[in-house]
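Student: Sequence:
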Amino acid sequence: MRYFIEFAYNGKNYHGWQSQPNSITVQETINKALSVLLRQQIDVVGAGRTDTGVHAARMYAHFDYPEIDNDLLVQKLNSFLPKDIVVYRFIPVDDEAHARFDATSRTYEYHIHTFKDAFIHEGSWYNFHHLDVDKMNEAAKILLQYKDFKCFSKTHTDVKTFNCDITEAYWEKNGNRLVFTITADRFLRNMVRAIVGTLVEIGTGKITVEDLHIIIKSRDRSRAGFSVPAHGLYLTKVIYPYI
1 MRYFIEFAYN GKNYHGWQSQ PNSITVQETI NKALSVLLRQ QIDVVGAGRT DTGVHAARMY
61 AHFDYPEIDN DLLVQKLNSF LPKDIVVYRF IPVDDEAHAR FDATSRTYEY HIHTFKDAFI
121 HEGSWYNFHH LDVDKMNEAA KILLQYKDFK CFSKTHTDVK TFNCDITEAY WEKNGNRLVF
181 TITADRFLRN MVRAIVGTLV EIGTGKITVE DLHIIIKSRD RSRAGFSVPA HGLYLTKVIY
241 PYI
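For the sequence shown, this note's numbering assigns the number 1 to the initial residue and increments by one for each residue that follows.
Take the hints with a grain of salt, since some may be wrong.
[Said to hold, decoys possible] Straight-line alpha carbon distances no greater than 27 Å define the calculated DSS-like cross-link-like pairs of lysine-lysine that follow:
(1) Lys217 to Lys141
(2) Lys217 to Lys150
(3) Lys141 to Lys160
[To be verified] Okay, the calculated beta carbon distance ranges per label pair:
(4) Thr167 to Lys217: 16 to 22 Å
(5) Thr157 to Pro21: 16 to 22 Å
(6) Ile214 to Arg58: 31 to 37 Å
(7) Asn22 to Lys116: 34 to 40 Å
(8) Asp132 to Arg58: 29 to 35 Å
(9) Asn13 to Tyr65: 23 to 29 Å
It is worth saying that the hints were derived from the structure and are not from the lab.
Since we're looking at a predicted model, the values are computed, not measured.
For each residue, glycine too, the CB sits at the ideal point set by N, CA and C.
The task is simple: from the sequences and hints, build the whole structure.
Tutor: Right under this line is the structure:
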């Protein structure tokens with residue numbers, strides 16, 4: 001029987017989601033915990049992969065196992081896992097359901113604080129420059145006009161297409177805190193952090209709103225802005241047609 005596992009993690013202590021040699025990852029940590037508790041080798045397949053230091057407030061993965069007691073396994077697994085990973089529930093799904101390929105959209109948030117804060121600095125990027133949020137929102141709307149985002153993709157990435165369907169992109173300001181929200185059917189590696197860096201450059205006046213059209217059409221990563229630090233980025237939502 002196939003199950004989806006719904007969970008969250010603080011990415012500070014992990015080299016991203018995907019298992020890799022000689023590095024501690026979220027996928028490896030969950031695999032080991034489930035394998036011990038269920039007494040057989042379990043390999044979960046995630047909805048996507050997050051880079052080193054990136055967080056997930058809502059993430060999904062799938063695995064196969066004959067039958068589980070949902071509440072009991074959630075309790076046991078949360079006791080077994082490190083404090084920075086939390087499991088919410090297990091969801092029985094069709095045997096062909098796939099956590100990565102069946103996702104219809106994903107939403108990320110990027111958090112910035114503009115005045116030094118002793119309590120949120122590990123989960124938000126401190127940027128003390130004045131940012132013109134109106135211009136940043138004007139530029140964010142431009143993203144919805146395009147499909148090819150090669151200019152925001154990490155170089156030497158092995159993908160078949162750089163096309164993504166962005167359905168929302170906007171900034172919200174609350175006092176000294178800024179949150180950028182972006183939703184799309186898929187994302188390229190480093191895409192959100194590069195977009196945020198570019199929008200921040202627009203907010204500081206380094207480049208103009210209209211420059212964003214030129215950057216996107218260039219398909220050249222070197223024309224876009226810098227990649228903001230990973231610790232302010234959160235995967236917050238993954239949508240499936242059957243959950």
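Student: Now look at each hint and say whether the structure bears it out.
Tutor: Taking the hints in turn, this is what the structure says about them:
no.	hint	verdict
1	Lys217 to Lys141	16 Å, holds
2	Lys217 to Lys150	9 Å, holds
3	Lys141 to Lys160	26 Å, holds
4	Thr167 to Lys217: 16 to 22 Å	21 Å, holds
5	Thr157 to Pro21: 16 to 22 Å	20 Å, holds
6	Ile214 to Arg58: 31 to 37 Å	35 Å, holds
7	Asn22 to Lys116: 34 to 40 Å	35 Å, holds
8	Asp132 to Arg58: 29 to 35 Å	31 Å, holds
9	Asn13 to Tyr65: 23 to 29 Å	27 Å, holds
When the structure is compared with the earlier hints, no violation turns up for any of them.
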